[in-house]
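Quick mapping for you: the protein sequence lines, in order, are chains A and B.
Numbering of the first sequence is given in numbering that gives the first Met the number 0, commencing with residue 0 and proceeding in unit increments.
Numbering of the second sequence is given in numbering that gives the first Met the number 0, commencing with residue 0 and proceeding in unit increments.
Everything labelled a hint here was simulated from the structure, so no lab data went into it.
One thing to keep in mind: the hints can contain errors.
Some but not every residue of chain A turned toward chain B, in silico, with C-beta under 10 Å [to be verified]:
(1) 169
(2) 249
(3) 266
Some residues of chain B that are not near chain A, with every Cβ distance over 12 Å (derived) [said to hold, decoys possible]:
(4) 84
(5) 123
(6) 155
(7) 173
(8) 174
Glycine included, C-beta positions come from ideal geometry on N, C-alpha and C.
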Amino acid sequence: MIPWLFVGLFLLFVLAFLVAPTAVLVLQAFTGAHGFTLSYMSGLLSFQYRLAFENSILLACASAAVGLIFGALLANAVAAPGAPAFLRGFVTSFSAVAANFSGVPLAFAFISTLGSLGLVTQMLKHLGINIYDMGFSLYSLTGLTITFAYFQVPLMLIIIVPAIDGLRVQWREAADGLGASKWQYWRHIGLPVLTPSLLGAFLLLFGNAFSAFATPFALTDGNIALVTIDISNVLSGNVMSDPQVGAALSTGMIIVMALILVIYSGLTRHAARWRK
Amino acid sequence: MKTQFSFGNWAIILLALAFFIVPLVITGMFSLWEGGSRYGFSAYQLMFSTTDFWKSLFLSFRLSVETIIVTFVLLVPAMIFVHLKAPQLKPLFEFISNLPFVIPAIALIDGLTTLYTGPSWLISTPNYLVIPYFFLALPYGYRALEVGLTTLDVKTLTEAGQSLGAGWGRIILTVLLPNLRSALIGAILLIFTTVIGEFTFASVLLFHTFAVFINDTGQNAITEAAALSLVSFLITWVFMLGVLFSGRKDAGQLKGAR
């Protein structure tokens, strides 16, 4: 009796505060004054919201790619045979902190560094390089990608180090013994084995950046076209629009994230074969 | 094929070091700047003497504790019983633990505010935040407990307890929880880090938590905002070191609301 009470309580809580709100949201996105309508969902294709989705997806892809490449290179560097042991310990523990350092404080750290009055910006200006005249802005998608790298790279490192550790020394030695070059080893052994893990990591990083709100909001003061920012503008009444618009935007995000998760779970099942 | 530590690896590490350390150092310098060429700790003194600082920090701290309690009441017993009595429900729990990843924080608030417009005792106090925070922390809580429960022989322990005449409450509190200690400590610290830094829910629902306070401060006082950012980094550092020492390998996993 008691066991079922607790299991039921948990399921009820999930139903009431996670499933029901989401269902109501999706329902609202398809409901107009006269019942069922697709007008709000097709409204997502209007210039403003299409731009927001394009920007969000672009930012998620770019920051996931940056995180993937630099995270993997860094992980490979600290997990390489012959790397000093203290280095690995230091880098992994720092990554655990940096991967969780995001939002408002991260935005301020980067505004102080690369903002229009930031120290690095000013120093470069003294050297005759005005990055803001050259088209750079911290408050743009490029700036956000750089800022996001601060948590994406460490997150990638944490995810990928176990996979890199899974590359057996014997494979490397066997390749070596057969006269393979370093490049050939990676091209024919290392990368093919790592590919499912790398793809999975990319999707996780993508989702991580796609649903980010605090960092872009604090960095741009809400003045950038991203889906999360647009939803918050509808919610806080900063823009005059029907609540259905916010619901449609949220539904759009959920669809994107559900797709990501479906692909991801397919991949991890595939990747599990190599872990044996 | 060379296997020793190459020049290229050092170059990558130095580059990463620069990228990760420079913003912290500059934030530190800003926090010590007192205008002109004077440097000192006045931003910190001012910060520690404002009541809003302590109030918001205390509120975030209280919400973390409440989220942990709710996790312990709702999630821990349910997962233990699923392991014991209803393993067929495991896929469902696995699915639920992934939902907070699929439903972005901002979409969840949208849904919550649409569905619940009352009662006011629920939605108009900061305690309301505990509901979304519970879901924000659910993936970590679930994973930490799942690892702990699979490595533990829950069935034998429970039967031993029952044959000695212990009831459910006693078995969970005095047998299972102590055995799950390291998994639970890991989960607790991750919940702390998550809730202390959480901004999305609090700012949209207009509650003055620590992250919202930092953002408000940044609108007009840049040196204090820098000091606060550094303090917040140190808080994250302390908690994450705790997670690492408590033996959790997957510290720093996805943190719902960025």
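The hints, checked one at a time:
| no. | hint | in the structure |
| --- | --- | --- |
| 1 | 169 | violated (13 Å) |
| 2 | 249 | holds (4 Å) |
| 3 | 266 | violated (14 Å) |
| 4 | 84 | violated (5 Å) |
| 5 | 123 | holds (16 Å) |
| 6 | 155 | holds (17 Å) |
| 7 | 173 | holds (16 Å) |
| 8 | 174 | holds (15 Å) |
Hint violations for this structure: numbers 1, 3, 4, all remaining hints satisfied.
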